[in-house]
Amino acid sequence: MPDYTLTANTPLNGFSRDFPGVSINEVNDRAIVSIVAPRDGEKELIKALKKSYDIELPNAGVLSVSAQDNAVLFCMAQDQYFLMFDYTGNTATTVVHSYLNDTAYLTDQSDSYVMIRVSGANSRCLLERICPLDIHPTAFPVRAVARTIMEHLGTTIIHEGDDNFLLLSARSSAYSFLEAIETSAKNTS
Amino acid sequence: MIINHPLLGPRDASEFVYKGDASLIERPDWQADNAAELFHDYLYLRDNPAGEHQELWYHEQGDRSWLVVTRNTLTHDITNVELARDAVLAKQAKKSGRGEK
Amino acid sequence: MSQINRIDGGLLDRTQKLNFTFNGQTLEGFAGDTLASALLANGHKMVGRSFKYHRPRGIFSAGSEEPNALVQLRSGAYQEPNTRATITELFQGLEATSQNHRGSLKYDFMAVNDLFSSFLSAGFYYKTFMWPKAFWEKFYEPVIRAAAGLGRLSGQDDPDIYDKSFLHCDVLVVGAGPSGLSAALSAGRAGARVILMDEDFRMGGRLNAETLSVNDQSGYEWATQAIAELSAMDNVRLMTRTTAYGAYDHGIVGALERVTDHLVSSNNKPRQILWRVYTKRTILCAGSTERPIAFGNNDRPGIMLAGAVRAYVNRWGALPGKRVAVFTNNDDGWRTATDLAVKGVEITAVIDSRDGQPPVAVPNGAAVVMGGRIVDTQGRHGIKSITLSNGQKIPTDCLAVSGGWSPNVQLTCHQRGRPTWREDIAAFVPGGELPLGMMVAGAAAGNLSLSSVLQDGHNLGNKALSDLGFKPTTETAAKSDEETVGISAFWHVKESKARAWLDLQNDVTVKDVKLSHQEGFRAVEHLKRYTTLGMATDQGKTANIPALAVMAECTGKSIPETGTTIFRPPYTPVAIGALAGRARGKDFRPSRLTPSHSWAEEQGAVFVEAGMWYRAQWFPKAGETHWRQSVDREVTQTRASVGVCDVTTLGKIDIQGKDAAEFLNKVYANAFAKLPVGKVRYGIMLREDGIMMDDGTSARFAENHFVMTTTTANAVGVFRHMEFCRQCLWPNMDVHLISSTEQYAQFAVAGPNARKLLQKIVDRNHDISNEAFPFMACGEVTVCGGIPARLFRISFSGELAYEIAVPTRYGDSLVRTLMAAGEEFDVTAYGTEALGVMRIEKGHAAGNELNGQTTAQDLGMGRMVSKKKDCIGNTLSERENLNRKDGLSLVGFRPVNRSDELKAGSHFIAKGKSAEMVNDEGWMSSVAYSPSLGHSIGLGFIKQGSERLGEIVRATDPIREGEIEVEIVSAHFIDPEGERLRA
Amino acid sequence: MKHRGLKYSGFKVIKEALTGHKGWKPVWRTPKPKKEYDVVIVGGGGHGLATAYYLAKEFGLTNVAVLEKGWIGSGNVGRNTTIVRSNYLLPGNEPFYEFSMKLWENLEQDFNYNAMVSQRGILNLFHNDAGRDAYARRGNAMMLAGADAVLLDQDGVREMYPCLDFENARFPIKGGLLQPRGGTVRHDAVAWGYARGADSRGVDIIQNCEVTGMVIENGVCSGVETSQGTIKAKKVAVCVAGSSSRVMSMAGMRLPIESHVLQAFVSEGLKPILPGVVTFGAGHFYVSQSDKGGLVFGGDIDGYNSYAQRGNLPVVEDVCEGGMALMPMIGRARLLRMWGGVMDMSMDGSPFIDKTHIDGLYFNGGWCYGGFKATPASGWCYAHLLAKDEPHPVATEYRLDRFQRGAMIDEKGMGAQPNLH
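Chains as they are written, first to last, in UniProt numbering: chain A, 1 to 189; chain B, 1 to 101; chain C, 1 to 983; chain D, 1 to 421.
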């Protein structure tokens, strides 16, 4: 036994609150690993992803979904993808590396974000207050993903299901981000 | 303003950071005899046209790509948007193509 | 007696009586009233005073163009100046007071200005008040300022909250009058996403105020039906009390919704919401605004726009007067006479400036004067009679004036649109290049008859549909009878001797325009600026065109040749609070908290803003009453044993790829290509102009993997710059960047016992002894039983020091663990102040030195800039002025009298030279009290500093009335040989 | 040269009022351009008119024309937030702006026109120790150059502006640098006053005269082509901030300048509540209250090259956010009007007053968004350069070749990134 142990916390200590027509919940059981193919190595990566996750490299703006660890893959930058999957341990890159080997440069991003799920009939109305993107289902259907800016904070928004959105924003400003969402909930309920 | 990102579609300009004239992607050769003069002109002198202007925007709150945007400085109309990397590679290909001849 | 001028009819809810006060007097109105209609119903004519002459002013219009009837609404911190009574919805308990008078509204001392009006001609102040010189600021200006302005801010914080929001649609219809409703119906029925917004609280526009019929029912019944149909559509959003105030680039429209202004209280909901509308097509159906005719004393209360008079009667059942006269140059003015006559109101006269026959039947008993002119009016606090050019005097208590209608083209001009003149309607219509996606329908486009307006809206709705690929339905436009709209331009009565007003609020008269012409201010913009025409709260909505016509007359040019002023946003004024939204107080900008924030709070830390971050500045202990005590202790304890500091805020960039080393070699000015794996190197980064951009370290964890740190302040900028280098300058490199600033909690552990402390938590299988892990080593370790961590042996304090990084989720736990494990060493937490003291003691540059004006050479690191490789900034760093022999260099300073305190911002002057700019040799950039040395120390830039060690100069600080002698010394106050950090 | 125009005075105003204002003459004439002038000034804005005025008054050159494409004063002198100050840091700048300040202080008596120079003080707020240090350095630099400066602590600021947010601010106010002599000036009147003064000394002010080309042969400029024909000149002095690149491109020159849009805002008229000028460093906001009662305020440039004279919503919101963060009492004041001006943003944030490599062609520009307060000194120094062919002692650093030499005058330390200055 080591003399000291470290305990993990989440950005919002497991925040959860219901407003009329909308629920706001912190999500803390997902890991994120950034995946980048080396220059001219994209084919290898595609092969490895297919083999391990049975998943395609997605186009910008949409999720690829895998049954393996409930993983979703989406494009964050021109040649950079985020793989988000069920995992709460400390070595997310090791997990992904075990599938992809050296076909990609991996960077753990699991602790970089606060993840907040906004769900319920009023969620679009709430998000209208802070999200500059058109998230009407005709423009932003289920499985759509985009990164934008909300209340001065860079935010990735994922349309997980009907009236169900997952938002990722920087961990250090988690409370400011939560306040933006809660204020929107108060102002629209 | 709205910038029609080649990969992501129309996005509000507030997601972007502006840098300036797209000629900044054509950095001079540091070993040229007149490198000091070339770098001066590169860094400091601008055409600054009243009309069509090719310029660099960085999608900081998006996919972090640098874009070359062709925008009219009188009307703000945007007529073309491409990834800066593509623009640079195209210029390089053109140059080396010419070099071979 | 209440509501003495209330008559039957109108769109009021008479079951809901509402009490309100005006200047303290309690009055009564109905739901559906505006403050203006309720005041009129109660017989109140005079509601304010004009800006300059303090002339009595009444209600002039029935809409947002109102120049006169401005009141102070509500009270205390809720006090809202310059509120238009004409668009203020009545609510129970509404409080309004008149503004811009000293003494009562009726007996205003400032009305004396009117007697001196001939001295207060346009621009008079430019020609006088210059002597004696000091009198302008001491006397004249204070008097002018005290008299200026209209309403009053409370000076208290706005107690309401505001919000902003985004909207997206296919078709935005601005204005819900007949054309807007038609357009929305055709677009909505076909399934397009439609937003219909109107500034009024009741949609329908002029249909609510007119007696015209549509589809064989009354106009407002048709409107009610249309609104019902639209609100049943899922794809249509109806927004009342919402003004589209500005058209911005690429089809973005700004709109303001007044959510709770019609309520007694906002109830903690946003008072107003600022909407940013992203639309593919905008159909502007903003209608038109009636304009007056200028004649002698045409500004008295009771003189109103003709359309407003009938709006008050038709929509609000409020009589502006009992004996009404009409002065018109067009057929529409006659409708006021006809409508009022139907209601039984006495029409005393209809004066039509046109010759010929009356266009419609003359109301019973009305005198009709075709080709008539009103030259003057009488009545001190309200109109009592009018005088015609033939000398005839006609008693009247309300004069309805119509000079024709001007299309509301404002939004079409917010970009490049320039209106064009249409002689047949004597008005400007939209012209030039309209904002992207904008079309104009109805009266706003110059179609002035109801039937054409309905058809036009319908057609443009369909046009928008086909543009966007929707299939229009087969429904046709609503129909109405064709009414007559004849007009013959007539702007002002030349025969009038008395002053004739153009801009009612700013008191600009026909004579002022003529004087402006006489003095050479003939360009429209000169006219506007010289006379202040159109600069009042109404932006000249009713005044500009008649004034332009008078100027055209003076110059002998046509109106279009004379030009038009440029309309700029907003269409109607917008509360600054709404434009700011939520951003105020602590919510002005987001806050970034470090992983140790909660723990630091528990310790009672004092925090400081560092950009968006809050960082612990120092940690006061019991008994410490001054910050210096805490900071001195933190420094002393760290240097004596060990201290812990949260350095998470430093930017961290993960760099991977086969070309990562070569890439770093290009972005750093010093060499990086050959940095061994497991080592860290200090790097300096230049801008392309050779000035220092940032400094930091990069650690090589693997052949193709580096981790860079940047300063806190430059983290974002450096990342952006490196992406520029990667994507735009060297796109062929295999190098990839991702920020890991948020991913790791990072702590500096510094002091002679740093290693011992770390050895207690780093798992034993990792050897961190001095031999195995020397100065500038880095590596991946595990701590506390397998938690992955990164360890760097780097030192900002000059002590034996490490930085340790763990996944952020463990940051809070790690700081608690370090403090617990360090107890035996008397560990201290230290904040940014102690950090600053120690770096100054060590002579390290930081933000005050890296201020964007200094070079590597200035900082004493000139030799680090490699001349053997291509890197950002090295070519231009060679320019002559950046390499002057007498250039600045960073050195240390200490007070000659050790008890003196150094001040950052002091300037250096050589001994014996006078303290003036020519002798200025540099400045003190950072100072600290060094507990290690027991006196004040400083870093600063001084000419040729490194060659002047030992010299004594003056540090002059006139702004704090200080000057002391200081000695130039090495910047390395502590451990110049660097033995401690290698220990 | 004798003042041959009408003298303005309170007495004259009274006399005219009693006689129906019939005696007022045009403030400037409307002459036809002559074939040739000693100096042709291109640009009838504040700086151009001031240059003409000082050429005539101080240097005795009256065979001068000012050519204006539209109406005089239609450039940035007609669209700014009216602030004057000399609170600069660097030795290349501070003496120049202090010279300007001194000219402002005597301007009205000098040109017999009330431009309402109002020295109500300008206060720059700081929010942390580094900000205080930087302002101390600046304040000391100002005082070493003979200007006035006061460093206020929080209480000092509170006393002057009790209505700022001291209690609940995201970036608490720690103090400020006050220049008591700073203030505001009625901007249009500056153009008109200089125009009147120049005109009365014989300068031809020619409106609606657009320069369409430069007459340059063998490296010598001898005149301009205009919409009213060719006009010869011994010296051509370009002074068209906002359009510098466009005009100088007619001489084949590329400049270290970008054109950007700066928005400004005014509220509805309000009774006096703000005594002086306040700038908010942690946000992008500065404000003063005009003699008419409007809050006149602004913030950053929009940040992209533009000649459009109009900005966009994000900056409007950003500025108002700064305003509400600083003084939450303005929430219920309404923004009445917003507009945009085209700024000559130079590569180091500082201007140029210099000869060019073409003989007879002179350039004045690059004023960024600070040209208004420079108007008198810019006019005087440009006139000095034109008359004597050497720079005025306070304007020796405003050279076009300074980037080649590495002699940048970069007050903000932002480098060659014009939208950050």
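Derived from the structure by calculation, the hints contain no laboratory data. Every value quoted in this text rests on a predicted model; they were computed, and no experiment measured them. We treat Cβ as the ideally placed atom computed from N, Cα and C, and that holds for glycine. Accuracy of the hints is not assured; some may be wrong.
Label pairs and their in silico Cβ distance ranges [stated by the list, open to error]:
#1 B/Ser-23 with A/Lys-47: 54 to 62 Å
#2 C/Gly-155 with D/Lys-388: 24 to 32 Å
#3 C/Pro-676 with B/Lys-91: 49 to 57 Å
#4 A/Lys-51 with C/Glu-662: 44 to 52 Å
#5 C/Ser-914 with D/Phe-11: 56 to 64 Å
#6 A/Ala-67 with B/Glu-26: 33 to 41 Å
#7 C/Gly-155 with D/Lys-102: 34 to 42 Å
#8 C/Phe-135 with D/Asp-359: 21 to 29 Å
#9 D/Lys-388 with B/Leu-38: 47 to 55 Å
List of simulated lysine to aspartate or glutamate pairs, DMTMM-like, C-alpha gap at most 25 Å [unchecked claim]:
#10 C/Lys-138 with D/Asp-291
#11 C/Lys-463 with B/Asp-77
#12 C/Lys-658 with A/Asp-102
#13 C/Lys-384 with C/Asp-114
#14 D/Lys-355 with B/Asp-41
#15 B/Lys-91 with A/Glu-42
#16 C/Lys-511 with D/Asp-291
#17 B/Lys-91 with C/Glu-662
#18 C/Lys-586 with D/Asp-291
#19 A/Lys-43 with C/Asp-734
#20 B/Lys-95 with A/Asp-102
#21 D/Lys-12 with C/Glu-495
#22 C/Lys-586 with D/Asp-300
#23 C/Lys-869 with B/Asp-41
#24 B/Lys-91 with B/Asp-33
#25 C/Lys-494 with D/Glu-16
#26 D/Lys-22 with C/Glu-495
#27 C/Lys-463 with A/Glu-160
#28 C/Lys-384 with C/Asp-763
#29 C/Lys-868 with B/Asp-77
#30 B/Lys-95 with B/Asp-77
#31 C/Lys-133 with D/Glu-16
#32 D/Lys-22 with C/Glu-525
#33 C/Lys-322 with C/Asp-114
#34 B/Lys-95 with B/Glu-60
We went through each hint and held it up to the structure:
1. B/Ser-23 with A/Lys-47: 54 to 62 Å: violated, 40 Å
2. C/Gly-155 with D/Lys-388: 24 to 32 Å: With Cβ atoms ~53 Å apart, the hint is violated.
3. C/Pro-676 with B/Lys-91: 49 to 57 Å: Once the Cβ atoms are compared, 37 Å apart, the range 49 to 57 Å for B/Lys-91 and C/Pro-676 is violated.
4. A/Lys-51 with C/Glu-662: 44 to 52 Å: 32 Å Cβ-Cβ, so the 44 to 52 Å window is violated.
5. C/Ser-914 with D/Phe-11: 56 to 64 Å: Roughly 47 Å apart at Cβ, these two residues miss the hinted range, so it is violated.
6. A/Ala-67 with B/Glu-26: 33 to 41 Å: violated, 48 Å
7. C/Gly-155 with D/Lys-102: 34 to 42 Å: The hint (34 to 42 Å, Cβ to Cβ) holds, given that C/Gly-155 and D/Lys-102 are roughly 35 Å apart.
8. C/Phe-135 with D/Asp-359: 21 to 29 Å: About 48 Å separates the Cβ atoms of C/Phe-135 and D/Asp-359, which means 21 to 29 Å is violated.
9. D/Lys-388 with B/Leu-38: 47 to 55 Å: Roughly 35 Å apart at Cβ, these two residues miss the hinted range, so it is violated.
10. C/Lys-138 with D/Asp-291: holds, 14 Å
11. C/Lys-463 with B/Asp-77: Holds, at about 22 Å.
12. C/Lys-658 with A/Asp-102: holds, 13 Å
13. C/Lys-384 with C/Asp-114: Cα-Cα ~20 Å, so holds.
14. D/Lys-355 with B/Asp-41: holds, 19 Å
15. B/Lys-91 with A/Glu-42: holds, 24 Å
16. C/Lys-511 with D/Asp-291: Between C/Lys-511 and D/Asp-291 the Cα gap is close to 23 Å, so the pair holds against 25 Å.
17. B/Lys-91 with C/Glu-662: holds, 22 Å
18. C/Lys-586 with D/Asp-291: At roughly 33 Å apart (the allowed maximum being 25 Å), D/Asp-291 and C/Lys-586 break the hint.
19. A/Lys-43 with C/Asp-734: Distance of about 15 Å is within 25 Å: holds.
20. B/Lys-95 with A/Asp-102: Between B/Lys-95 and A/Asp-102 the Cα gap is close to 35 Å, so the pair fails against 25 Å, i.e. violated.
21. D/Lys-12 with C/Glu-495: Violated - the C-alpha atoms of C/Glu-495 and D/Lys-12 are around 28 Å apart, more than 25 Å.
22. C/Lys-586 with D/Asp-300: Between C/Lys-586 and D/Asp-300 the Cα gap is close to 22 Å, so the pair holds against 25 Å.
23. C/Lys-869 with B/Asp-41: With Cα atoms ~21 Å apart, C/Lys-869 and B/Asp-41 stay inside 25 Å; holds.
24. B/Lys-91 with B/Asp-33: holds, 22 Å
25. C/Lys-494 with D/Glu-16: holds, 22 Å
26. D/Lys-22 with C/Glu-495: At roughly 19 Å apart (the allowed maximum being 25 Å), C/Glu-495 and D/Lys-22 satisfy the hint.
27. C/Lys-463 with A/Glu-160: violated, 36 Å
28. C/Lys-384 with C/Asp-763: Cα-Cα ~98 Å, so violated.
29. C/Lys-868 with B/Asp-77: violated, 44 Å
30. B/Lys-95 with B/Asp-77: violated, 30 Å
31. C/Lys-133 with D/Glu-16: holds, 23 Å
32. D/Lys-22 with C/Glu-525: Roughly 23 Å separates the two Cα atoms, so the pair holds.
33. C/Lys-322 with C/Asp-114: violated, 29 Å
34. B/Lys-95 with B/Glu-60: violated, 30 Å
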